[in-house]
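Undergrad: Sequence:
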Amino acid sequence: MEASLVAQEAGEMLQKQREVAGRALDDYSAGEYLRIVEVQCTKWRRIELAMRMTGVNRYRPKDDRDVGEDGLQSPLARDK
Numbered sequence: 001m002e003a004s005l006v007a008q009e010a011g012e013m014l015q016k017q018r019e020v021a022g023r024a025l026d027d028y029s030a031g032e033y034l035r036i037v038e039v040q041c042t043k044w045r046r047i048e049l050a051m052r053m054t055g056v057n058r059y060r061p062k063d064d065r066d067v068g069e070d071g072l073q074s075p076l077a078r079d080k
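If you use the numbering used here, the sequence shown corresponds to residues 1 to 80, in order.
It should be emphasised that the hints constitute simulated quantities derived from the structure, not laboratory data.
Wrong hints could be hidden among the right ones.
As the list claims (entries may be wrong) - So the derived label-pair ranges between C-beta atoms look like this:
1) Asp-26 / Arg-65: 37 to 45 Å
2) Gln-15 / Asn-57: 21 to 29 Å
3) Val-56 / Ser-29: 34 to 42 Å
Even for Gly, the Cβ is constructed at its ideal location relative to N, Cα and C.
From just these sequences and the hints, can you work out the full model?
TA: Set out below in structure tokens:
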């Protein structure tokens, strides 16, 4: 996955986190979902930051010890 796509996904997850956090103020069930979104957002941002700091232009999930072979389509897959 190209760095620009990782950055885009990280940005979209951050926006989603903000939206769900706003809903969680009034809806208890959104609070549970917020925790899931926060974990996903943290993982995408970690990947983006690691790529930026190391200068890597392409992300390969199989090379990432923290995400594993489940890939970026479901960053929580290995946690299930």
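Undergrad: Hint by hint, say whether it matches the structure.
TA: Cross-check of the supplied hints:
One distance hint, 37 to 45 Å for the beta-carbon pair Asp-26 and Arg-65, holds here, with the actual separation near 39 Å. A hinted range of 21 to 29 Å for the beta carbons of Gln-15 and Asn-57 is consistent with their spacing of about 24 Å. Distance hint for Val-56 and Ser-29: a CB-CB separation of about 38 Å, consistent with the stated range 34 to 42 Å.
Hint compliance for this structure: every hint is met.
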